[in-house]
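Residue numbers (my numbering), protein chains in the order written: chain A, 536 to 691; chain B, 536 to 691; chain C, 536 to 691; chain D, 536 to 691.
The hints are simulated quantities; they were obtained by calculation from the structure and are not laboratory data.
Only a predicted model underlies this, so the values are computations on that prediction, with no experimental measurement involved.
There's no promise every hint is true.
The list treats identical chains as interchangeable, and a pair is accepted whether it falls inside one copy or across any two copies.
To be verified - Pairs of lysine-lysine, DSS-like flavour, derived with a Cα cap of 27 Å:
#1 Lys652 - Lys621
#2 Lys674 - Lys621
#3 Lys670 - Lys574
#4 Lys652 - Lys670
#5 Lys690 - Lys563
#6 Lys669 - Lys690
#7 Lys658 - Lys621
#8 Lys669 - Lys652
There are 4 protein chains.
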Amino acid sequence: MNFDEVKRQLEQEGNSKNGSIVDSMPFKFFEPFIVQGIKVDLVEPGRVICSMTVPPRLLNTANSLHGGATAALVDILGSAAIYTTKLASPGSGVSVEISVSYVDAAYAGEEIEIESKVLRVGKAIAVVTVELRKKKTGKVIAHGRHTKYLAVASKL
Amino acid sequence: MNFDEVKRQLEQEGNSKNGSIVDSMPFKFFEPFIVQGIKVDLVEPGRVICSMTVPPRLLNTANSLHGGATAALVDILGSAAIYTTKLASPGSGVSVEISVSYVDAAYAGEEIEIESKVLRVGKAIAVVTVELRKKKTGKVIAHGRHTKYLAVASKL
Amino acid sequence: MNFDEVKRQLEQEGNSKNGSIVDSMPFKFFEPFIVQGIKVDLVEPGRVICSMTVPPRLLNTANSLHGGATAALVDILGSAAIYTTKLASPGSGVSVEISVSYVDAAYAGEEIEIESKVLRVGKAIAVVTVELRKKKTGKVIAHGRHTKYLAVASKL
Amino acid sequence: MNFDEVKRQLEQEGNSKNGSIVDSMPFKFFEPFIVQGIKVDLVEPGRVICSMTVPPRLLNTANSLHGGATAALVDILGSAAIYTTKLASPGSGVSVEISVSYVDAAYAGEEIEIESKVLRVGKAIAVVTVELRKKKTGKVIAHGRHTKYLAVASKL
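With the rest of the complex left out, here is chain A (with noise of 0.2 Å):
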């Protein structure tokens, strides 16, 4: 690709004729635009599973589930896991590293699980591990590993 491609393609995406929707849309939006569809299937301290159906709005190029999208569900997700045991209240804490392995593809209209799975809770330090799985095989499509700072930012 060359320079101009690189540019206009980046800055077209973000100004196409969507832009006036993507403009108008609320305060916070990220979180919902994310998580829209999904199903909370169990919660116990600790842990959470959820599935999803792979909508069309989350694909990338090749008609996958975006791999930006799959860091998102490993943040949101992970957080929610945090939030189920007593240490932690809800909207507490903030990200301090998010990783995320892509071992393969989800594609559109395939049901994946989503497992959270606390490792730590302290007193500052949270850690989870998220898997994101296809529901039918049990096949491994994401491993992501979200570590969060507890306490008040203030003291960040």
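We have chain A; now place chains B, C and D onto it with these hints.
Relative to the frame of chain A, chains B, C and D by itself:
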């Protein structure tokens, strides 16, 4: 938080009054949703610099840029830097790993700068760093790395 | 710490009375140095479980298992799990990414268990998780992921 | 590789003729073992640059710098950069996360340069990047990030 609350919050968020808007979104809306409003300031071989005013739609509950949106920017803009090199073509490659360290908050209306720099683009593997900074002070907001496999996905 | 101290401490540590011992160490001594004393408890396709008593030589200044040694165990034992699958042969492959979350301390003399589990072994990319746990309680000490490129290094 | 071979190789490596040498190693030998021979070229607030000739003892089976040793350097030299700032004192802090991307091989006898740069040192959390480069060409060998929790470990 008790268990029902975790469930209710996640499902509500994803099935609220916004549900019909989200469900009507077109295929592959994720990237436009993230990069809408971005400006490409510099493109050179192995390096891309963009700027962006943190938009209301990408905020988290603490009113700062969502960690999942930050990870998505690392994904999308890291790929853009890889495409400025001769060895990679746009849309080629699949993500192998994305990791992000969050070091400071970026608030709505704040101007940020995002610099993607290629560490390696080989025949098979590309690695790129993506740094988000406050435009005014240069203070780092987040530091990410993105690894892609460049050969055709079927050989993964 | 002032600047001279940082310099002095690093260089002293690396050129102390132990210098001659270290300098006389043979080629490729790193792996034996790390895994000496390890016991392999289980090997099956895609999974290896080892146990180890935390040895004095691998301690950090806080008298617990060194973070660098933990990362080395993720590297070495992650590779071992990959070699239990048909698609990979021992010694093949190069590391692409290693990440480790540290969630608890392991002290000298403590028995630990290390479980490596393959998430994917494809033609080109292998990903494995490695979890270190206290043998007595099952409490997680550290969680790592290791990604390797399996095709010949010259095609990297 | 068949299962017995994996077991035999790991246990042999850790119980070979070198066993008695390794077992007689003193407490906390890990850091001297890694950094022996290192030279500190620059120390300034938030930044440390070291150089090192890749030593025979730290090689892997492919005769290049071991990935585990690289991760250990990210750990040790990342901490050193954190200690150059006023907010942190030496030996303080525990590792929360270490990640390394491997982008090129460094061979025995090759001179390398290791630059650690602080991204943040707050009251509680410090994040630092560590880049290993070939001294002759400046080519990146590996890029790491290291996150530490700085408050006393009992508050973790």
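When no copy is named, should Lys670 and Lys574 be tagged within, between, both, or neither for a Cα gap of at most 27 Å?
Within one copy only: 13 Å inside a chain, 36 Å across chains, cut-off 27 Å.
How would you classify Lys669 and Lys690 at a CA-CA limit of 27 Å: within, between, both, or neither?
between (40 Å within a copy, 20 Å between copies)
What label fits Lys652 with Lys670 when the C-alpha limit is 27 Å: within, between, both, or neither?
Classified as both; 17 Å inside a copy, 20 Å across copies.
Go through the copies and call it for Lys669 and Lys652: within, between, both or neither, with a Cα cutoff of 27 Å.
Cα proximity of Lys669 and Lys652: in one copy and across copies (17 Å, 18 Å).
When no copy is named, should Lys674 and Lys621 be tagged within, between, both, or neither for a Cα gap of at most 27 Å?
between (32 Å within a copy, 18 Å between copies)
I want to check one pair: Lys658 and Lys621. Are their C-alpha atoms no more than 27 Å apart within a copy, between two copies, both, or neither?
Classified as both; 11 Å inside a copy, 25 Å across copies.
At most 27 Å between C-alpha atoms: does Lys690 with Lys563 qualify within a copy, between copies, both, or neither?
For Lys690 and Lys563, the Cα distance is within 27 Å only inside one copy (24 Å; across copies 32 Å).
How would you label the pair Lys652, Lys621 (within, between, both, or neither) given a Cα cut-off of 27 Å?
For Lys652 and Lys621, only the intra-copy Cα distance (15 Å) is at most 27 Å; the inter-copy one is 30 Å.
Of the numbered hints stated above, none is contradicted by the structure.
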